[in-house]
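As a plain string of letters, each chain reads:
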Amino acid sequence: MDERTLVEQLKKGDETAFKTMVETWQNMVYNTALGIVQNAEDAEDIAQEVFVQVYQSIGSFKGESKFSTWLYRITVTKSLDHERRKKRKKRFAFVRSLIGEQNEVLVNPPDFHHPGVVLDNKENAAVLFRAISELPENQRIAFTLNKVEGLSYQEVSEVMKTTVSSVESLMHRAKNNLRKKLEDYYKNRP
Amino acid sequence: MKKHPDINEKVEEALNSLEGIQKAELQPYFYTRLTARLQRNEKTLWERMGSFLAKPAVAGVCLCVILVFNAFILFRHNSGAKNSLSIAGTQNEQIITDNEYILASGSSFDYENFDQQ
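Order-wise, the sequence lines are chains C and U. For the first sequence, our numbering gives the first residue as 824, with consecutive numbering after it. For the second sequence, our numbering gives the first residue as 69, with consecutive numbering after it.
The shape of chain C in the complex, shown without the other chains (with noise of 0.2 Å):
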């Protein structure tokens, strides 16, 4: 079935073409999902989340980009809104344990481990994802759909709703922020 098709049968409600979609995205959803947020749980969750928004929202899709281009943009904006709401919670109960109401020992997620990492670099690769989610949210977007989702340029611009040459801008400016906070790690690291 090809693309348009499948979007026409979504667009009346046809159960095997839901069926059929999930099954062909769920995959590239969740795995863009956690690279963003870095805990499997959370990702399963907003792959969940993203296929109810398309079930709920396939109407309002016009096709005038790639319905890949669309799931990954649902998915980007679901996990981005996952990371605030958390870092809201976070702010939240560390105000909480100022004023005494909370007794909860605040504690840092542990490093995350991304199943697809060659075992030799698994290391090196949570130290690199630690890194990666202190940087700004552009930057995180576009190193990860790249890096770790496997998109080109021309991809992630489509994604991001800007130019090549800003994805480029921002993969430059990702790297060297990488960098310097991998030299400070290492530096100070025991």
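Hints were generated in silico from the structure; no laboratory data involved. Note that the coordinates shown come from a computational prediction; the quantities given were computed from them, not determined experimentally. Check the hints yourself; a few may be wrong.
Listing some non-contacts, in silico: residues in chain U with all C-beta distances to chain C over 12 Å [stated by the list, open to error]:
{"#": "1", "residue": "Trp-114"}
{"#": "2", "residue": "Gly-118"}
{"#": "3", "residue": "Val-129"}
{"#": "4", "residue": "Cys-130"}
{"#": "5", "residue": "Leu-131"}
{"#": "6", "residue": "Ala-139"}
Stretch by stretch, here's where chain U covers chain C in the computed footprint (C-beta under 8 Å, at least three residues) [as the list claims (entries may be wrong)]:
{"#": "7", "segment": "834-846"}
{"#": "8", "segment": "858-872"}
{"#": "9", "segment": "939-950"}
{"#": "10", "segment": "1002-1011"}
All C-beta atoms, glycine included, are put in the ideal place defined by N, C-alpha and C.
Let chain C serve as the given structure and place chain U on it in line with the hints.
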């Protein structure tokens, strides 16, 4: 701060650690979990109506319609009250006239009865 001779090398290794990364895959039965979630999210008719009415634009339009309707009813009620006053006045005059007529006819009836007796 610890001096490390091969920091640059370590940094490059870390930066290149995502080379050849495989895509992560979901646990099995994702579609089953997704359909269960979709069913939980299905809204009833009343919930859908509630969320439609809760939209700011719809709520604003509804409020305006209610205000206009209220103003219309109030205006109509006031003009209706004036009409009922004038009607009441006419009715009073009619009652007086009728009473006079009854009195007049009553007296004529008495005469007639008197004649028959």
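Do the hints match the structure? See the list:
The beta carbon of Trp-114 (chain U) is kept farther than 12 Å from every beta carbon of chain C, the shortest such distance being approximately 18 Å. For Gly-118 (chain U), the non-interface assignment is confirmed: its Cβ lies about 17 Å from the closest Cβ of chain C, beyond the 12 Å cut-off. Against chain C, the non-interface label of Val-129 (chain U) holds: every CB pair exceeds 12 Å, the least being about 22 Å. Listed as outside the interface, Cys-130 (chain U) is consistent with that label: its C-beta sits roughly 24 Å from the nearest C-beta of chain C, beyond the 12 Å cut-off.
Look at Leu-131 (chain U): its CB is around 27 Å from the nearest CB on chain C, clear of 12 Å, so calling it non-interface holds up. Every Cβ of chain C is farther than 12 Å from the Cβ of Ala-139 (chain U); the closest lies at roughly 38 Å, confirming the non-interface assignment. Counting residues of the segment 834-846 of chain C whose C-beta lies closer than 8 Å to any C-beta of chain U gives 3; at least three are required, and the coverage claim holds. Check result for the segment 858-872 of chain C against chain U: holds, 5 residues qualifying (beta carbon to beta carbon below 8 Å, three or more required).
For the segment 939-950 of chain C, the proposed coverage by chain U is satisfied: 7 residues have a C-beta within less than 8 Å of a C-beta in that chain, meeting the threshold of three. Under a criterion of three residues with beta carbons nearer than 8 Å to beta carbons of chain U, the stated coverage of the segment 1002-1011 of chain C is upheld, 6 such residues being counted.
In the structure shown, no violation is registered for any of the earlier numbered hints.
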